[in-house]
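Asker: Residues per chain are reported as follows:
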Amino acid sequence: MSTIQRATLAAEAITLAHRNFTVADNLSVALPAAKVTAIVGPNGCGKSTLLNGLARIHTPARGTVLLDGKDIHRLPSREVARKLALLPQDNTAPEGLTVADLIRFGRQPHQGWMKQWSKDDQQAFDHAVTAADVASLVNRALDTLSGGQRQRAWIAMAVAQQTPLLLLDEPTSALDLGHQIEVFELIRSLSHQGKTIAMVVHDLASACRYADHMVAMKGGKIIREGAPADIVSPELVQELYEVSCELIEDPATGAPLLVNVRRNAHSGAA
Amino acid sequence: MPDKRTTIANSILLALMLVAVITSLSMGTVRIDPMDTLRALVGSADPMTTFVVNELRLNRVTAGLLAGAALALAGCLMQTLARNRLATPGIIGIDNAATAFAVASVVGIGVSVAPPVMALAGAAAATAIAFGLAGANGTRGYRFIVAGIGIGAIAGAVTQVMLSRVAIDAANAAYPWTVGSLNARSGNSVLVLACGLAAGYGLLMLISRGLNTLQFSDAVAVALGTHLKRVRILGLAISVLLTGFAVSVCGPVGLIALLAPELARTICKPGKVPLLASALAGATFMVVADLLGRTLFSPLEIPVGIITAIVGSPYLLWILLKPSQRSLT
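Going down the list, the sequences are from chains G and V. Here the first sequence stands for residues 5 to 274, where the numbers follow the numbering used here. Here the second sequence stands for residues 3 to 331, where the numbers follow the numbering used here.
A portion of the hints provided could be inaccurate.
[Said to hold, decoys possible] To give a feel for the contact side, a few chain G residues facing chain V, derived at Cβ under 7 Å: (1) I61; (2) H77; (3) L79; (4) S81; (5) R82; (6) A85; (7) L90; (8) P92; (9) T96; (10) P98; (11) D105; (12) G116.
[Stated by the list, open to error] Computed beta-carbon distance windows for the label pairs: (13) G:N47 <-> V:L20: 58 to 64 Å; (14) G:V142 <-> V:L230: 26 to 32 Å; (15) V:L298 <-> G:T148: 41 to 47 Å; (16) V:R145 <-> G:N47: 26 to 32 Å; (17) V:L193 <-> G:A17: 56 to 62 Å; (18) V:L323 <-> G:G151: 27 to 33 Å; (19) G:N47 <-> V:A130: 35 to 41 Å; (20) V:L135 <-> G:A34: 38 to 44 Å.
[Said to hold, decoys possible] Sample of chain G residues at the chain V side, in silico, Cβ under 8 Å: (21) A59; (22) R60; (23) V84; (24) A89; (25) D94; (26) A97; (27) E99; (28) G100; (29) L101; (30) F109; (31) Q112; (32) P113.
These are computed hints drawn from the structure, not numbers from a lab. A quick note: this is a predicted structure, and the numbers were derived from the prediction, not measured. Using N, Cα and C, we set each Cβ at its ideal position, and we do this for glycine too.
Can you make the complete structure from the sequences, with help from the hints?
Answerer: So this is what it looks like as structure tokens:
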């Protein structure tokens, strides 16, 4: 359980389009192993589209996504699901579904036709319940939970899938500060156990604090990539969000911290 | 994991179905004691009883069971694929198109193919057109449903035109088709339906895991390893097959495809598409509705389709309007 097999995920010159509108053009990115990668950028920059491309939800118009060096769209879907888990933004679930039911769905890629719930499945289930701290919630219906609890239940499902790769699309949107920290710390502890993680994050400050690697996107292109401390600068913030700020080092964690964030002088006057 | 609540629900439905079958075999112009009916079924009753049960009634009840199960299963499937409780083959026009084609063969407009084949062709044609008109979204979203309703209306009108243009005897022969009745079935079409139901249900077992994941968003289903395209196409094909064959036996009996899965979802554990429970509930509904139609105003017979509409509509309204209680359990 503690040793997680490795897998690599990379995009090679992929172009992603909605109908005829190109959202992301010619992107290449590789996820560093056992690290947390944050994809950041302004609204509509294509960060969720890139994540969906990596997760094979969105088929690229050109280029390939490689899972362990093989074209992800040519691999059997179940085989991919044993290596790559996804937490999408749209988390609708059937009415009345309990947390335990949801987590059990995470074992589906490991179960064969008519293959019953196995010892491995139960171990993975128990591990996921502990990791996501949902033991007190397993018998509750999802629709009775708070936003933070529900998000933990979904993460537990993805953890039960026991994949070396985990992709999350805005895992903390709609959560309050306490629940955000809770989810981010869970994500970080999963990466410490060896999972390779990529997440789309809205909040640059959280991305700086909880990610080891950052991919900054704007207008469908990757403009900077690297460790947050290396690439986050007032110039980058200016370019991404068109706001001015100053950077200091967080005295507690050493992560870059944005202060005095304000609209640009000229745009403020308009 | 076999689930207790679902097992209990299925057992209850099975028991209800058997009671409905025995009752239906016992009731009619000649009343038979239920014990004698059972004896007749195993071949140890007197010749008269055996004749009434096995020769006169058993075929009809079997046809009802199979058609009800097929319609309910098709409805449950289509609802799951479209993620919409209203998306049953009846509402999106597949029944009507199957009927139009079958009526065409009954009134003999230049074709002499067996009704099951014609009904299946009609069902497939309607689905293909609705699918084509729905565009990139396929069975998802309202376009598919709206396109289907339009096609159903056209098919209904075509049926009426055919009936009004042919000789009165031919129109009378085709009439039961238009309201849904177990009176007009042919032996062959029941056999075809039985084979179709067995094959369809077997194929469904192969994709049942994938169907379960369709209760989530597409992204979650894919992430859990579901081959979306395969499940959608196979599911749609099975739904069309079941509808076509069922309509060739009983005509467009409305609401069973809507009600039976709804009941099944209410009593089974959430999280799994209740295929077996839907089929059992549909079979029971059909047999009971046919029994009521035969006996309520005997010797006058009310077509089963009219009974399901009268009994089913209030039940449907109740289900749609009652506040959800799932979260309390």
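Asker: Taking 56 to 62 Å as the stated bounds, is the beta-carbon spacing between V:L193 and G:A17 within them?
Answerer: Roughly 57 Å apart at Cβ, these two residues keep to the hinted range, so it holds.
Asker: Was the hint right that G:R60 lines chain V, CB cutoff 8 Å?
Answerer: At 7 Å from the nearest chain V Cβ, G:R60 passes the 8 Å test, so the hint holds.
Asker: Take the shortest C-beta to C-beta distance between G:H77 and chain V; is it under 7 Å?
Answerer: violated (11 Å)
Asker: Please check whether V:R145 and G:N47 have a Cβ separation lying inside 26 to 32 Å.
Answerer: This hint holds: roughly 28 Å between Cβ atoms.
Asker: If you take the shortest Cβ to Cβ gap from G:P92 to chain V, is it below 7 Å?
Answerer: holds (4 Å)
Asker: Would you check whether G:A89 satisfies its interface hint, that is, whether its CB is within less than 8 Å of any CB in chain V?
Answerer: Cβ of G:A89 sits 6 Å from chain V, so the hint holds.
Asker: Against chain V, is G:V84 within 8 Å by beta-carbon distance?
Answerer: holds (7 Å)
Asker: Let me know if the C-beta of G:A97 comes in closer than 8 Å to any C-beta of chain V, holds or violated.
Answerer: holds (6 Å)
Asker: Can G:E99 be said to touch chain V, with a Cβ gap under 8 Å?
Answerer: holds (5 Å)
Asker: For the hint on G:R82, does the least C-beta distance to chain V fall short of 7 Å?
Answerer: holds (4 Å)
Asker: Does the closest beta carbon of chain V sit nearer than 7 Å to the beta carbon of G:D105?
Answerer: Constraint on G:D105 satisfied, holds at 4 Å.
Asker: Hey, does the G:F109 contact hint survive, CB to chain V under 8 Å?
Answerer: For G:F109, the interface hint holds, since the closest Cβ of chain V sits about 6 Å away, which is under 8 Å.
Checked against the numbered hints listed earlier, the structure breaks hints 2, 3, 12; every other hint is satisfied.
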